[in-house]
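Engineer: Below, each chain spelled out in residue letters.
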Amino acid sequence: MKLHEYQAKEIFACYGIPVPRGSVAATAGEARQAAADLGGQAVVKAQVHAGGRGKAGGIKVVRSPEEAEQTAREFLGQNLVTHQTDARGVPVNSVLVEELADIRRELYVALTIDRGFRGPVLLVSAAGGMDIEEVAATNPQDIHTEPIEPVLGLMPYQTRRLAARLNLEPAQARPAIQVLNALYRIFTENDCSLVEINPLIITGDDRVVALDAKLDLEDDSLFRHADLGELRDRSQEDALEAEAADQDIAYVNLEGSVGCLVNGAGLAMATLDVTNAAGAAPANFLDVGGGADEEKVASAVSIILSDPKVNRVLVNIFGGILRCDIAARGIVLAFERQGATLPLIVRMLGTNVVEGKEILQASSLNVTFADTLTEAAAAIRQAGG
Amino acid sequence: MKLHEYQAKEIFACYGIPVPRGSVAATAGEARQAAADLGGQAVVKAQVHAGGRGKAGGIKVVRSPEEAEQTAREFLGQNLVTHQTDARGVPVNSVLVEELADIRRELYVALTIDRGFRGPVLLVSAAGGMDIEEVAATNPQDIHTEPIEPVLGLMPYQTRRLAARLNLEPAQARPAIQVLNALYRIFTENDCSLVEINPLIITGDDRVVALDAKLDLEDDSLFRHADLGELRDRSQEDALEAEAADQDIAYVNLEGSVGCLVNGAGLAMATLDVTNAAGAAPANFLDVGGGADEEKVASAVSIILSDPKVNRVLVNIFGGILRCDIAARGIVLAFERQGATLPLIVRMLGTNVVEGKEILQASSLNVTFADTLTEAAAAIRQAGG
Amino acid sequence: MGILLNEESRILVQGITGREGSFHARAGMAYGTNVVAGVTPGRGGQLFEEQVPVFDSVAQAVAETAANVSLIFVPPPFAPDAIAEAADAGVPLIACITEGVPVQDMARIVRYIDHKPVRLIGPNCPGMINPGARCKVGIMPGDIHLPGRVGVVSRSGTLTYEAVAQLTHRGIGQSSCVGIGGDPIIGTSFVDILRLYEADPDTDLIVFIGEIGGTMEQEAAACIKAEISKPVCTLIVGATAPPGKRMGHAGAIITGDSARAEAKIAAMRDAGAHIIPTPADIGATAEAVLGEMG
Amino acid sequence: MGILLNEESRILVQGITGREGSFHARAGMAYGTNVVAGVTPGRGGQLFEEQVPVFDSVAQAVAETAANVSLIFVPPPFAPDAIAEAADAGVPLIACITEGVPVQDMARIVRYIDHKPVRLIGPNCPGMINPGARCKVGIMPGDIHLPGRVGVVSRSGTLTYEAVAQLTHRGIGQSSCVGIGGDPIIGTSFVDILRLYEADPDTDLIVFIGEIGGTMEQEAAACIKAEISKPVCTLIVGATAPPGKRMGHAGAIITGDSARAEAKIAAMRDAGAHIIPTPADIGATAEAVLGEMG
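Chains as they are written, first to last, in this note's numbering: chain F, 1 to 385; chain Y, 386 to 770; chain C, 771 to 1064; chain G, 1065 to 1358.
Just chain F, same shape as in the assembly (with noise of 0.2 Å):
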């Protein structure tokens, strides 16, 4: 789940990273009024789910209340497209105004999972402000890492050779290593997947500052931060991608024709493969997950169906936890809940697998089966003819 920057900038203050004064305003009003509260200077920040902001045109700087009014107008209520969006992009719902900062220096850092090493890694990186996976790709060496050991937590020889390895000044490094402790203990206690600076700014007098924030919660650990699945904004999400992860169902939005309903994120991917090889393209990727139930399997159909690209749905069932007839049952009820006739392509194997076909036989459903994924690929392009 990801947070808003402004929403990552207050747990941020709390910790004790500073970051610069500022509000967040939802009308053009109360931009006016926050750029006033800063004596007329500021910059105004989209509140987008998105990077990229920058070169999208979503920061701007203003130079007196008018102007920030002015460009809060622009922002709010439109749609803001970055190169991590889609062609429509994310509603602009706020904007964070904040004070102009004095930058001396940009640097990148970083908290995330490494699967290597099984455990948190900080990365840290003298090319703040720039795009971290193009310096990670161009200039690796220019992006140090340090793994912690979950038992020691992040310590003091580690945080003085990133200190030295970003060439920080005594000075700097102080207020630079109390900002990397509190975002390890931010990772930590707030079960992130990821905290990201980008840029963390040395000012002219030498202060260490989070000039921008981002922060994603792992959803596995949001059942004990209550609190911070309340941050949720539903608006930044695609509608049915966030439906679908309502119902705990991993669904991707694509951009072709066939449906795809499948089980387990493996099969799905492959059922991918499948579908592109056979000179298709899939609209969706689904894994409606092990433990569904038919409710659960119609609800994924459902998504499935309410996308006006689907012309054709590609079933593709292996029954384990999830059992053949309950999945044909949940087709079953959605297809008919809607109403819908769309061609069904339906592979189905192990568990229960005679009882869910007889289902799905037994309805008025236009059902084509086949019995390997070469046949299903075959079925796709006999149904998009």
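Derived by calculation from the structure, the hints in this document are not laboratory data. Treat each hint with caution, since some may be false.
Stated by the list, open to error - No more than 30 Å apart at the CA atoms, straight line, and that leaves these computed lysine-lysine pairs for DSS-like: (1) Y/K387 to Y/K440; (2) G/K1180 to C/K886; (3) F/K2 to F/K214; (4) F/K55 to F/K2; (5) G/K1289 to C/K1000; (6) F/K296 to F/K55; (7) Y/K694 to Y/K387; (8) C/K995 to G/K1180; (9) Y/K681 to Y/K387.
These numbers were taken from a predicted model, which means no experiment stands behind them.
Given the coordinates of chain F, assemble chains Y, C and G onto it according to the supplied hints.
Structural biologist: Same frame as chain F, now just chains Y, C and G:
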């Protein structure tokens, strides 16, 4: 460093461990008021840094505010002698006045460091309210332990297991497990060397309450708990031992007449053994420590000389971190400051031993040198004559 | 013989009285698995299916039944505790099926286990099966398996079944099948399983199913190149997944070039693995390689 | 040969610019120890005693000088970090002299180290010395030692020197001497050192100095009984310490019967160790046992 029961209970309460209602009183009038606030009936508990208060008459049930006042008057300003104190006892400067408890069961719970496990262990017993060391000696099977891996912390399966060993009913297990979890947080977050509740009671209505509270802080970690360091009550400590501790000198007052100045705890114990084997009795254990300078050695000698039991002084210094010349200068300084003329047996070896002996020889002190422990033993006998 | 499981495996099911736990315990028993105990705190003393004793703790279950494999189905918030309890009780092999276990809990758990003679499979995995020993410790449908001499290893569940079904369809049996799980932090890696297959005298060929995301396939490729003498058939799925999108709980996040399918396929090809062109070709590729081996 | 240290030992001193660090680095160099580097954060680039380069970090020091032993003198609040830094930098042998290290920090540090090929001696210890190799890593006075074939091990510092002085006085040399430290949680136990001496072809006899408190001497006795073929002379100090009193930082707390000197002496006698009657008899007892060995 030890805390008083009432101080420990304040910390317990902060961590959500239920404690009896009550308040601490430094005067008989305050005790009267405290009992009145509780409705008259109360228990009055002498606040001293020593176990065995109950048997020693330091805990009394009172039936009225007047009786509370009377009891407090008897306690306050007196010394309480328990089996854990010496014959002088320790002064009672405050009493804790608490509501009477409805005791159904008495449990024992403690957390400490286990050297073998090299980490914290949680101990529980159904034999609460008793001398736990006696339980451990006579019925070790009645004490249940759970080692706690620092990387995991106290895990639910462990507290479930302890609750089962204590034969707790489900309604009691939940609050008891909450107490165990809180106790572990107290232990780790405050760098305790011991946290103990004896008894942890189960009330008639299945509440779990800490009737007593013992909390020892690890001295070596006090530097990061400045607030807790302020809770130190010097009145409870042996004056000489407290003075020594202030200077980071390990000193234990004993019963004999041979003052001992030694560097290193092991050699200091060996020196006690040698002194005893020589038929004499040491007046103290004293380890002046490795990093001692001249002034610290002088302080140590002054502590020895201020003990009226001492009629001769044995110095056993093996120069390492502490150089013999530094030790010699400190000894001379202290003797001369106090104008002491007691016989001094000096056994010195190691770094700068020649210079050390020269300094002592050049002084006005009544010195007998010994080269070996055997010679030192002989000199002790001689000087004791 | 196969790996991890054999005729001596005595299975304990943690969470046996829950919906999934009971379903799969029954399915395992129906397959022939020697389920000797169940654990559900507070349910000690019950009998599961009128034959399997249920205990309050893993330690009790191990003491009473000499269970030596634990299969975990408890809900995600309790899974780290269940794993630690099994490890503490001395269970040498643990499979945690539970999906959605907090990642930072797992970071601590794997370090705890590193100190102990314990192998953890998962979490968020389908488990493992040894068809020859009729021993199924997981959620895979047992009847698609056929005893034989091909070792299967995969990150995910249903894709493993797909691989097995294609093999069995062509009469190619399996020595063992293991799904190591798709979470960011798991107990046993591809490399661990590859080494076990290499050492297993009853495995002739390894079918390896990888995915986009992370670099575990590259590490496996390095291991194959350096240590594995047996032929490996490799499928990497996710080649057509769009970049920058998160594909379900498998944690298939395309983060950098090395996480992409092409990079993984290249590493595997360089390691001498036989590349399976599409997910539909698993059985055919294995059959062809076995044919070459004669 | 001796244990832990030899002619190949290249010593790094953490805290070399401090009062104690500089004193003992100098003393070690004067004894003949190959001190190759120092570390003090913020002092990198300096030269200690005009010959030993000082670095900002252990990793730099190891990279530049191939140091393979670290001797730590930093103040107690920073000692856990110094140990972890040395372990992380791959230093295989660390001696932490610092007294007063927080115990719960050490509980975490020893677990971190358990994962690594690192041996930690201490903290709160005198260190170790190999007189034959003229290598001194600690705070013991070097000149009391004599090269020879007796291995000394003790919890505490000055009592170790006492033992060594009595041995040297009688012309009995030492293969190695190690003080393992008196804190509740230490990196290396008596048992670890006993095994090293057992395996060392140049050690004929072991002098073991124990203390009241804890049960480490009993564990050592069990090891001696089961594993140690070489004769062991044992002194246990603290027999006349009053019960219930804490005797300094050595952590000599008399908690139960097994922590008392009598129990430890009995365990050692049962293990076949030669009991040294009083602290004055260390040299005489060793001499007598060596005489019996012929």
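Engineer: Run every hint past the structure and note whether it holds.
Structural biologist: Outcome of the hint check:
1. Y/K387 to Y/K440: holds (21 Å)
2. G/K1180 to C/K886: Since the Cα atoms of G/K1180 and C/K886 sit roughly 15 Å apart, the hinted pair holds (cutoff 30 Å).
3. F/K2 to F/K214: holds (8 Å)
4. F/K55 to F/K2: holds (21 Å)
5. G/K1289 to C/K1000: violated (48 Å)
6. F/K296 to F/K55: violated (40 Å)
7. Y/K694 to Y/K387: Holds, at about 27 Å.
8. C/K995 to G/K1180: Answer holds: C/K995 to G/K1180 is near 27 Å, not above 30 Å.
9. Y/K681 to Y/K387: Answer holds: Y/K681 to Y/K387 is near 25 Å, not above 30 Å.
Violated hints, in rising order: 5 and 6; the structure is consistent with all others.
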